[in-house]
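K.L.:
Sequence:
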Amino acid sequence: MSQKPIAHYFLCYRSPKEAAKRIWISRKLSALGGVRLHYSFWKLPKSSLHYALELVRDNEPIVLKRSRELVHPRVDKGRRLYELGSLMAIAYNSSSASARKRAAIVRALRRTPCIPMGPSFYLFPHLKAPKYTYFRDKIMLPDDFFDFLKKLSIPAHRLTYLRIIYPQSHEVLFKRLITRQTRECAKLVQQSQGLVKRIQEMKVSWRNVRKALSEFKTRYRTHKGIAYFLYQVYGIDLRTNLKEAYSAIVSCKRMFFEKIASS
64 MSQKPIAHYF LCYRSPKEAA KRIWISRKLS ALGGVRLHYS FWKLPKSSLH
114 YALELVRDNE PIVLKRSREL VHPRVDKGRR LYELGSLMAI AYNSSSASAR
164 KRAAIVRALR RTPCIPMGPS FYLFPHLKAP KYTYFRDKIM LPDDFFDFLK
214 KLSIPAHRLT YLRIIYPQSH EVLFKRLITR QTRECAKLVQ QSQGLVKRIQ
264 EMKVSWRNVR KALSEFKTRY RTHKGIAYFL YQVYGIDLRT NLKEAYSAIV
314 SCKRMFFEKI ASS
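Here the sequence shown stands for residues 64 to 326, where the numbers follow my numbering.
Keep in mind that a hint or two might mislead.
[Claimed, not checked] Each computed DMTMM-like pair below joins lysine to aspartate or glutamate, with the alpha-carbon atoms no more than 25 Å apart:
1) K322 with E264
2) K191 with D207
3) K140 with E247
4) K214 with E278
[As the list claims (entries may be wrong)] Each pair of labels, with its calculated beta carbon distance range:
5) K91 with K274: 30 to 36 Å
6) R137 with G96: 31 to 37 Å
7) E132 with E81: 36 to 42 Å
8) R131 with S277: 24 to 30 Å
The set of hints was computed from the structure by calculation and includes no laboratory data. Think of the CB as a built atom: it goes at the ideal place given N, C-alpha and C, for glycine as much as any other residue.
Build out the structure end to end from the sequences listed, making use of the hints.
P.N.:
Next comes the structure, spelled out in C-alpha cells:
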C-alpha cells in the first residue's frame with residue numbers, strides 16, 4: 064500500500080531587519096522540517112505550520128497552499144470581503160546581474176500587477192489564459208515577466224495555483240497591491256512637480272526636459288494599464304490617482320512650452 068503524500072504549505076513573512084533575528088528564525092524553521100525556497104519564503108510540512116506561525120507572528124506571515132484549480136477573485140468592500148483568488152509566485156536572483164539588467168527588471172515590474180513580498184519575490188494574480196487576453200496589450204502578464212527574466216539569463220523560479228489559507232491575509236495583500244500602485248502614481252506626481260521647478264529656475268536643459276517628459280508619458284500609460292487591470296479583476300478604482308498624475312504631467316509640459324516661447 065502506497066503512503067499518502069505529505070501535505071505541504073508555503074510560508075512567507077517580512078524579514079526582520081536584525082541579522083541575528085533572521086538567522087534565529089531560519090534555524091528554527093529548518094529544525095521544523097522547512098525548506099527555504101527564497102529568503103523569507105519557505106516550504107513546510109503541514110504538521111509544522113502551527114509552530115512556524117508562532118515563530119514569525121510579528122512579521123506579517125502569509126500562508127499559501129497549492130490548489131488543483133484556479134480560484135476566482137471576489138471583492139466586496141462594503142462587506143469587507145477580500146478574496147484575491149489564485150496567485151502565482153515568482154522569485155529571482157539578480158545579485159550578480161549588471162546594473163543595466165537590474166534597471167530593466169525594475170521597469171518591467173512597473174508594468175505588472177505585482178504584490179511585493181520580499182527581496183526579488185512577488186505574488187501575481189493568476190487568471191485563466193482567456194481572461195489574460197483582454198490585458199496582454201496593456202500590461203506585462205506574470206508569464207511574460209517570467210520569460211523576460213529568462214531572456215536576461217536571470218535565475219528565476221515560479222509557483223502556480225497558489226491560494227491564501229487564512230482570510231485575514233487577503234486584506235493585507237490587497238492593501239499591498241493598492242499601495243504599490245498609489246505610491247508609483249504619487250512618485251510620478253512628485254517628479255513632475257520637481258521638473259516644473261527646475262524649468263522655472265532654468266536649471267535643466269531642454270533636451271533633458273524632453274527626455275523626462277517622454278519617460279513620464281510612458282510611465283503614465285503603464286499606470287493606466289495596471290489601473291484598468293485592477294479595476295476589471297478586483298474593482299479597485301485608481302482614477303483619482305491617475306488624474307493627479309496626468310494633471311502634473313500636463314502642467315509640466317505647459318510650463319516647458321511657455322519657457323520655450325519666451326526664450
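K.L.:
Take the hints in turn and mark each one as holding or not.
P.N.:
Tested hints:
The straight-line distance between the Cα atoms of K322 and E264 is roughly 10 Å, inside the 25 Å bound, and the hint therefore holds. A distance of roughly 14 Å separates the Cα atoms of K191 and D207; the hinted pair therefore holds under the 25 Å criterion. Distance hint between K140 and E247 is fulfilled; the C-alpha atoms sit about 23 Å from each other, no more than 25 Å. For the given pair, K214 sits about 24 Å from E278 by alpha-carbon distance, which is consistent with the 25 Å threshold.
Checked against the given bound of 30 to 36 Å, the beta carbons of K91 and K274, roughly 50 Å apart, lie outside it. Our hint of 31 to 37 Å for R137 and G96 holds, since their Cβ atoms are close to 34 Å apart. At about 41 Å, the CB distance of E132 to E81 agrees with the hint of 36 to 42 Å. The hint said 24 to 30 Å for the Cβ distance between R131 and S277, and at roughly 46 Å that hint is violated.
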